[in-house]
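The numbering used here puts the first residue of the sequence shown at 1, with every later residue one more than the last.
Certain hints may be false.
[Claimed, not checked] What follows is a set of in silico ranges between Cβ atoms, one per label pair, in the way DEER data are often shown:
#1 I150 to G126: 17 to 27 angstroms
#2 K307 to V202: 47 to 57 angstroms
#3 N218 to E76: 30 to 40 angstroms
#4 I31 to W352: 15 to 25 angstroms
#5 R315 to A122: 44 to 54 angstroms
#6 N179 to K225: 34 to 44 angstroms
#7 E251 to M330: 32 to 42 angstroms
#8 Q60 to T204: 34 to 44 angstroms
[What the hints assert, rightly or not] Below, simulated DSBU-like cross-link-like pairs (lysine-lysine); rule was C-alpha separation at most 30 angstroms, straight line:
#9 K153 to K130
#10 K225 to K199
#11 K142 to K153
#12 K199 to K307
#13 K225 to K142
#14 K307 to K130
#15 K199 to K65
#16 K153 to K65
#17 K130 to K65
#18 K142 to K79
#19 K199 to K79
#20 K319 to K199
#21 K153 to K199
#22 K65 to K307
#23 K307 to K319
#24 K199 to K130
#25 K79 to K153
#26 K130 to K142
#27 K307 to K153
#28 K79 to K225
FYI, nobody ran anything at the bench for these hints, they're computed from the structure. Where is the CB? At the ideal position from N, CA and C, for every residue including glycine.
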Amino acid sequence: MTTLLISATELSNIFSVLAVLLCFCAMILFITRNMMVLRVHGDDFVFPSSLHQVSPRIPQMNMMKVHIPFTFKLLETSKSSYADLQCSMSSQVNYCVYAFWGVNIRQLHIFLWRPWSDLKDACMRGDFLKGYYQYAGIQFSKSSHSDQTITLKLPAPSLDLGTPPRLCYPLVIILVKNNTVDNVHPDETVALINVVHIKDSVCTLPTSILAQYLKQANGQLSCLKQLYLATGNPGGYEEGTIPLAVAEPVEGGPGPIGRTLVCPTNEDSPLWNTSGEQLCVVCQFFPLSRALLPCRHTCICASCFDKLERCPMCRGPIKSYFCIRGEEYMPIQSSPKTAPPHGPIYNWLDSWNDRLTDFLGFQR
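Turn these sequences into a full structure, and let the hints guide you.
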């Protein structure tokens, strides 16, 4: 009898220890579950909200492709001066060149917003910007030609541009299409306006093109800006032609804001092919095909674009984008195959796995 009591006492102690261990394990699981829930959904518990945050889809810009028949670039900018400024021009159409020194900035933009017919008549009469520039430069007409070097010289000792911020541009060069036919397509580019800064003792910034503007026959005025490639710009203002650029409508005009333009200078440029040097900077597999706005970096493919909210080059937010080439390289998604049926043991284990996952607060 005594032996049985001793055995019962020992068993009760064992049961007590097991009960304590089970309670301890249950407490650990409870704490772990709540910690995981707070970690995953902590903001929803601390700051409850009935709104479900959904990241907005980045919109695609509806771009319109236009052709620029002119090219203009500066040569040897490090040696440029008012007495010797070399530039290169080319054109695919007959055109006229007008150069003006010391142009009033405000009046230039007022003139550029005028209808194309008024600008054309003013150029033919010779009173374009009359009274709002200090000296007239070269003026000539030419037929279509490839790159030709032209040297510009200030026809006076100096310009009175004032102290920064200046009210006058040092040099403005306008290339105007010399078209005797009046039935011009509204979207056709009829003028390229180049604003040039020349280094001097007051403003020591290097000689460069400050801005380029496109004028279309429908009156739209757009600012030409080149795109930035991931592998470096193959062409720039001083080094070559721009293979692809964006012309953003200039705000502040009398009419509504027009559409953003994509402006290739060479229709047959091999730049936008599947060559290895133009691959996506993220996956390094698919060719880059999308230009990001507003940073204008052209660096990713369609596959990686859906996974990004910021530009991988500058880390700036992506507000919109447009495609610079076709995206037929994307693999066709095949329809999902039906999974084969499983046995009852597999279904029972899978059910318990789901219960444990839900208990610990994980997402399936």
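Q: Sort out which numbered hints this structure fails and list those numbers smallest first.
A: Those not satisfied are hints 6, 12, 14, 15, 16, 17, 20 and 27.
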